[in-house]
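Turn these sequences into a full structure, and let the hints steer you where they fit.
Each chain, written out:
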Amino acid sequence: MIALLRRDLVLAVRAGGGFGLGLAFFLILCVLVPFGVGPEPALLGRIAPGVLWVGALLACLLSLDRIFQLDFEDGTLDLLATSPLPLEAVASVKAFAHWLTTGLPLVLAAAPLGLLLNLPGAAMPWLVAGLALGTPALSVIGTFGAALTVGLKRGGLLISLLVLPLYMPTLLFGAEAARRGAEGLSPTTPLLLMAGLTAGCIAVMPFATAAALRMNLR
Amino acid sequence: MIALLRRDLVLAVRAGGGFGLGLAFFLILCVLVPFGVGPEPALLGRIAPGVLWVGALLACLLSLDRIFQLDFEDGTLDLLATSPLPLEAVASVKAFAHWLTTGLPLVLAAAPLGLLLNLPGAAMPWLVAGLALGTPALSVIGTFGAALTVGLKRGGLLISLLVLPLYMPTLLFGAEAARRGAEGLSPTTPLLLMAGLTAGCIAVMPFATAAALRMNLR
Amino acid sequence: MMPDLGKYADAVLSSYAVSLLLLFGIIGLSLWRNKRVKQQLAEAEMQLSNKN
Amino acid sequence: MDYAATNLACRRGDRTVLAGLSFSVAAGKALILRGANGSGKTTLLRCLAGLTPPVAGSLSFAADDVAYAAHDNGLKAQLRVAETIEFWASIYGATDTAPAVDAFTLSPLMTRHVAALSAGQKRRLSLSRLLLTGRPLWALDEPTVSLDSATVTKFADAVRAHLAQGRAAIIATHIDLGLDAADVLDVSGFKPSVADAQDPFLDGAFT
Amino acid sequence: MDYAATNLACRRGDRTVLAGLSFSVAAGKALILRGANGSGKTTLLRCLAGLTPPVAGSLSFAADDVAYAAHDNGLKAQLRVAETIEFWASIYGATDTAPAVDAFTLSPLMTRHVAALSAGQKRRLSLSRLLLTGRPLWALDEPTVSLDSATVTKFADAVRAHLAQGRAAIIATHIDLGLDAADVLDVSGFKPSVADAQDPFLDGAFT
Amino acid sequence: MSIWRYANPTQFMATTGWMLPLFGVSAAAFVATGLIWGFFFTPDDFRQGSTVKIIYLHVPSALMAINAWLMMLVASLIWLVRRHHVSALAAKAAAPVGLVMTVIALLTGAIWGQPMWGTYWAWDPRLTSFLILFLFYLGYIALWQAIETQDTAADLTSILCLVGSVFALLSRYAVNFWNQGLHQGTSVPVATGGRTVSDVFFIPLAISMIGFGLLFVALVLLRTRTEIRARRLQALLAQSTAVE
Ligand code: HEM
Ligand SMILES: Nc1ncnc2c1ncn2[C@@H]1O[C@H](COP(=O)(O)OP(=O)(O)OP(=O)(O)O)[C@@H](O)[C@H]1O
Ligand SMILES: Nc1ncnc2c1ncn2[C@@H]1O[C@H](COP(=O)(O)OP(=O)(O)OP(=O)(O)O)[C@@H](O)[C@H]1O
Ligand SMILES: [Mg+2]
Ligand SMILES: [Mg+2]
Numbered sequence: 670m671i672a673l674l675r676r677d678l679v680l681a682v683r684a685g686g687g688f689g690l691g692l693a694f695f696l697i698l699c700v701l702v703p704f705g706v707g708p709e710p711a712l713l714g715r716i717a718p719g720v721l722w723v724g725a726l727l728a729c730l731l732s733l734d735r736i737f738q739l740d741f742e743d744g745t746l747d748l749l750a751t752s753p754l755p756l757e758a759v760a761s762v763k764a765f766a767h768w769l770t771t772g773l774p775l776v777l778a779a780a781p782l783g784l785l786l787n788l789p790g791a792a793m794p795w796l797v798a799g800l801a802l803g804t805p806a807l808s809v810i811g812t813f814g815a816a817l818t819v820g821l822k823r824g825g826l827l828i829s830l831l832v833l834p835l836y837m838p839t840l841l842f843g844a845e846a847a848r849r850g851a852e853g854l855s856p857t858t859p860l861l862l863m864a865g866l867t868a869g870c871i872a873v874m875p876f877a878t879a880a881a882l883r884m885n886l887r
Numbered sequence: 670m671i672a673l674l675r676r677d678l679v680l681a682v683r684a685g686g687g688f689g690l691g692l693a694f695f696l697i698l699c700v701l702v703p704f705g706v707g708p709e710p711a712l713l714g715r716i717a718p719g720v721l722w723v724g725a726l727l728a729c730l731l732s733l734d735r736i737f738q739l740d741f742e743d744g745t746l747d748l749l750a751t752s753p754l755p756l757e758a759v760a761s762v763k764a765f766a767h768w769l770t771t772g773l774p775l776v777l778a779a780a781p782l783g784l785l786l787n788l789p790g791a792a793m794p795w796l797v798a799g800l801a802l803g804t805p806a807l808s809v810i811g812t813f814g815a816a817l818t819v820g821l822k823r824g825g826l827l828i829s830l831l832v833l834p835l836y837m838p839t840l841l842f843g844a845e846a847a848r849r850g851a852e853g854l855s856p857t858t859p860l861l862l863m864a865g866l867t868a869g870c871i872a873v874m875p876f877a878t879a880a881a882l883r884m885n886l887r
Numbered sequence: 156m157m158p159d160l161g162k163y164a165d166a167v168l169s170s171y172a173v174s175l176l177l178l179f180g181i182i183g184l185s186l187w188r189n190k191r192v193k194q195q196l197a198e199a200e201m202q203l204s205n206k207n
Numbered sequence: 462m463d464y465a466a467t468n469l470a471c472r473r474g475d476r477t478v479l480a481g482l483s484f485s486v487a488a489g490k491a492l493i494l495r496g497a498n499g500s501g502k503t504t505l506l507r508c509l510a511g512l513t514p515p516v517a518g519s520l521s522f523a524a525d526d527v528a529y530a531a532h533d534n535g536l537k538a539q540l541r542v543a544e545t546i547e548f549w550a551s552i553y554g555a556t557d558t559a560p561a562v563d564a565f566t567l568s569p570l571m572t573r574h575v576a577a578l579s580a581g582q583k584r585r586l587s588l589s590r591l592l593l594t595g596r597p598l599w600a601l602d603e604p605t606v607s608l609d610s611a612t613v614t615k616f617a618d619a620v621r622a623h624l625a626q627g628r629a630a631i632i633a634t635h636i637d638l639g640l641d642a643a644d645v646l647d648v649s650g651f652k653p654s655v656a657d658a659q660d661p662f663l664d665g666a667f668t
Numbered sequence: 462m463d464y465a466a467t468n469l470a471c472r473r474g475d476r477t478v479l480a481g482l483s484f485s486v487a488a489g490k491a492l493i494l495r496g497a498n499g500s501g502k503t504t505l506l507r508c509l510a511g512l513t514p515p516v517a518g519s520l521s522f523a524a525d526d527v528a529y530a531a532h533d534n535g536l537k538a539q540l541r542v543a544e545t546i547e548f549w550a551s552i553y554g555a556t557d558t559a560p561a562v563d564a565f566t567l568s569p570l571m572t573r574h575v576a577a578l579s580a581g582q583k584r585r586l587s588l589s590r591l592l593l594t595g596r597p598l599w600a601l602d603e604p605t606v607s608l609d610s611a612t613v614t615k616f617a618d619a620v621r622a623h624l625a626q627g628r629a630a631i632i633a634t635h636i637d638l639g640l641d642a643a644d645v646l647d648v649s650g651f652k653p654s655v656a657d658a659q660d661p662f663l664d665g666a667f668t
Numbered sequence: 005m006s007i008w009r010y011a012n013p014t015q016f017m018a019t020t021g022w023m024l025p026l027f028g029v030s031a032a033a034f035v036a037t038g039l040i041w042g043f044f045f046t047p048d049d050f051r052q053g054s055t056v057k058i059i060y061l062h063v064p065s066a067l068m069a070i071n072a073w074l075m076m077l078v079a080s081l082i083w084l085v086r087r088h089h090v091s092a093l094a095a096k097a098a099a100p101v102g103l104v105m106t107v108i109a110l111l112t113g114a115i116w117g118q119p120m121w122g123t124y125w126a127w128d129p130r131l132t133s134f135l136i137l138f139l140f141y142l143g144y145i146a147l148w149q150a151i152e153t154q155d156t157a158a159d160l161t162s163i164l165c166l167v168g169s170v171f172a173l174l175s176r177y178a179v180n181f182w183n184q185g186l187h188q189g190t191s192v193p194v195a196t197g198g199r200t201v202s203d204v205f206f207i208p209l210a211i212s213m214i215g216f217g218l219l220f221v222a223l224v225l226l227r228t229r230t231e232i233r234a235r236r237l238q239a240l241l242a243q244s245t246a247v248e
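Protein chains in written order, with our numbering: chain A, 670 to 887; chain B, 670 to 887; chain C, 156 to 207; chain D, 462 to 668; chain E, 462 to 668; chain F, 5 to 248.
Calculated from the structure, these hints are not laboratory results.
The structure displayed is predicted, hence computed values, not measured ones.
All C-beta atoms in this analysis are idealised placements derived from N, C-alpha and C, irrespective of residue type, glycine included.
Don't take each hint at face value.
Derived pair list, reagent style BS3-like, types lysine-lysine, alpha-carbon separation capped at 30 Å [stated by the list, open to error]: (1) Lys490/E with Lys652/E; (2) Lys652/E with Lys615/D; (3) Lys615/E with Lys490/E; (4) Lys490/D with Lys615/D; (5) Lys652/D with Lys490/D; (6) Lys652/D with Lys193/C; (7) Lys652/E with Lys652/D.
Facing chain E, from chain D, some residues (calculated, C-beta under 8 Å) [stated by the list, open to error]: (8) Ala497; (9) Asp609; (10) Thr614; (11) Ser654.
Okay, structure coming up:
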């Protein structure tokens, strides 16, 4: 399993992808938004938590289709499925690698980018906490979506369609926590709910992912 | 050339992609944003033009990497490059097919989705006009980005990084036109500038795209 | 016969129009596809029984 | 130990491609699968490898006994040759990669990226994985594709060495590998009838 | 008309793989390229097809004369067989697809999706494109990969028919196609020296 | 004889052959009665004016939009557990009907919103969760369309339906938490029996709801029959090329 994780990370870095790019995308989005909506600081501050959350979601989505697609096309997935590694483990490792290359950089970059968007200081810690708790769920759910569409070429947008409604609860809790933080209310309830959601996803989704993979390879 | 266009469209539709999905993505984004920033109608109305433009951009970006990547991986691009079709024509056709499957549906869907985001009625026609004039440029520029990264697996995020700065002028003019429309000012200047930009891109970019392709195939 | 809908006539009529259109749309589509598939299947069965 | 299949039927996509197929491969023996293009060799091998469950019939061995090599190489262009070998070695818990490297003369290529290999070199790298699996039954789908004749001989040697350890191999191929301890099975003879398809939509009749 | 190359040097990636290679193929003749894996057959063919410009030397024909068939099939899984053939026919302006379909017995497969073809069937479809190009020089990279022996014979017939029209073919292959009008060129003999690499960073000396 | 014998395609075709017209005719009768009664023969509401007439479309379609998804969930479970092909095809057949119901509920709601709340759209929890349901339908249908191999498509869409149901529930809950809405609560709580709508409106509404339910059943039966035939057609063609 560690070998698979190491391989996935090496591939991510070598292919001009890896940590840098998820981050770069996030940065670019944060630059685009002020251009799109205009530069007033008060307005930007209000929408900042939402924008950062939507950005995290999209950065995840953008990279989802590659989780299994490349391995499927060059035949590696067949070989992994016949290897001693259970497919559930493959699913978990893939999700974890995706989080390391996409989710983690976003969590680390959220604070400085929040500054760029005038995010109120009170909201900052809660936004970061929310992202830290929520992005693992995004990766795990996204891996499931990728497994559903693995046989299909150009699945990119189909994944988005399948996965985005599944992202809704995470997004709602996360944005709510950041907003409550900004307004000085206690954001623990949404954060707790989100932690529960993430824990549940991590525990259960790999089984659904492995089942979907098995069906697609058949 | 028409054969290539037809083939690309057939592939887009068959692969569960096609017209519907660019649209679905756009719709999903418009649903996400209120979740992220909260449901107040006034706030949503203010940021609506920006959000729709950023959404159009992202819908384009999400689908860019597939323009040449699949053809490259299965060897079709080599065959097309040795065919009687000049690569410039291939580049133009690919860009046009991309616009038909991504840009056009966005133009058509912008009005109803604007409603969802409380877009002021006065801004609506200008937003749509801006999208109609601007999305062809997005496709043409994106095709160039796709040609640059065609050799690289997992080019998805790298393309975004390369292309987004090139999208900036289009975005600026488009959002400005919609905002002026909303405030009752005349949006003709930004629209004219954008039309010029688009015309220039359509005329010149296919040559750059073809050059990039040739280098990548070498 | 036509009830007086007052100032909301637009809303009521358009919602009825849209809904009926959609309902008839899905009904028509289902019937049409049913007929087509039935015909195709009959043709295929004919061909196969001729072959054997 | 014998590796046997009894009355097997296999499906590919929506289509039942083979039915009523039985065979038995004794330890130390190889089974060569023959058959025209599209006759179902790949379908059978995928079924043996546990990727598609059989529609009917049974296998006397588990999917864990099978080392499968497909038409596709399953290589990553961005990895180096050495990294690729190490990766599969650690997946299969193999400690010694030297036999795999030697059997396919990979040592001059170890530091190259897979992207910079020729078609035959890629194939050699892909086949070297077999020696890392340590599994007793090799199920190989046209393994010699794009290998030059010297390498084909080396490959046949590797198969012979494998068989000599009391193991077995099932190989789909269109060429002659020169294995003496090999039975031949022509899969063309196992075309299914409609009844074999095991499809509830083909039972009974309705219009 | 002769198809000739003079003193050719070809590059693959950063590496100059072949140098000093010359040949001439007369109309009606075929040239078989031989050489161990990695000796540069693919590199040479890509150069002839105009995909990589030669590092040195010259060709007596244009890239437009060459119909190239690579290791990869270049097929789209989502298209049907008939659609694929029509697509290439209209790209090359061919009006009659019947010869291509017949030469590789594709007619029973016409309505299938490419995804549902076996490896050999895909190869047959991919090769049928050659007959649509109408180009005089075929440059083929291991065309018989995964073809069964009956189809290999059919393919050799197609090549013979092509040559009989006064055209020519250059074919890299590891097997014997049984073409009588064929010269053989072993590319292994054209390994470049450092001077052949034509790389400005290898001229002169600095440390 | 267990109920599962209807899961055999031949049996299903035979049984539904005579059931379908029955459902079709009664659906037409109930829908027509409910809507005509509601549109022509009910008074205006004292607050909502004539817009109250929209209720005869809005509520039944909203109800059926949810029920259709529930039916798909059950059918998917049956497919996953017992592998009855008809059940998978029934789920496939129901999805577009559910989608249309969802669209009708959304559109009539939006049109109703303009006079009542002064806006076509508000991010009210109930409205929002309907929009999410709409997305689930779209995704489910798109996945069916995208996969060639029928059994695989059935498997994958079933899993999506299962996982999607859980997440739909979660987001319904999360949405409530996020925004208190404008939309009125349930006024026909079947469980408690009490209701806030007066009989004048309620009787035609009930008839219309029954009608929409029957219409749903009729459409699903018809479409399932089509899917079964299409499936047999495909199997025949595939097998004949394999056997030849
Ligand atoms: C696009 C907007 C709307 C959507 C998606 C929507 C959705 C729904 C849903 C899901 C139900 C639930 C049915 C049930 O629980 O039994 C419902 C019921 C109802 N809606 Fe809407 N609605 C929308 C707009 C409106 C508007 C604008 C009004 C009028 C002011 C309205 C009035 C009602 C009424 C009276 C009911 C019946 C409640 C009951 O008796 O249970 N809705 N709607
Ligand atoms: N994904 C698929 N869906 C449906 N049918 C398929 C699929 N893949 C292959 N087939 C069909 O199944 C049959 C058996 O294919 P298979 O790949 O097993 O043949 P094969 O013996 O391996 O041929 P080859 O020598 O060409 O590799 C063929 O008729 C083929 O067209
Ligand atoms: N993209 C590349 N970059 C750098 N070197 C490469 C690249 N592709 C191949 N090579 C190297 O160039 C040499 C020639 O490769 P080529 O593919 O031409 O060989 P080939 O004769 O076609 O072999 P095969 O019979 O295996 O197909 C080999 O040593 C190979 O390792
Ligand atoms: Mg095969
Ligand atoms: Mg080669």
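Hint-by-hint comparison with the structure:
no.	hint	verdict
1	Lys490/E with Lys652/E	holds (26 Å)
2	Lys652/E with Lys615/D	holds (24 Å)
3	Lys615/E with Lys490/E	holds (18 Å)
4	Lys490/D with Lys615/D	holds (18 Å)
5	Lys652/D with Lys490/D	holds (26 Å)
6	Lys652/D with Lys193/C	holds (29 Å)
7	Lys652/E with Lys652/D	violated (50 Å)
8	Ala497	holds (5 Å)
9	Asp609	holds (5 Å)
10	Thr614	violated (12 Å)
11	Ser654	violated (18 Å)
In this structure, the earlier hints numbered 7, 10, 11 are contradicted, and the remaining ones agree with it.
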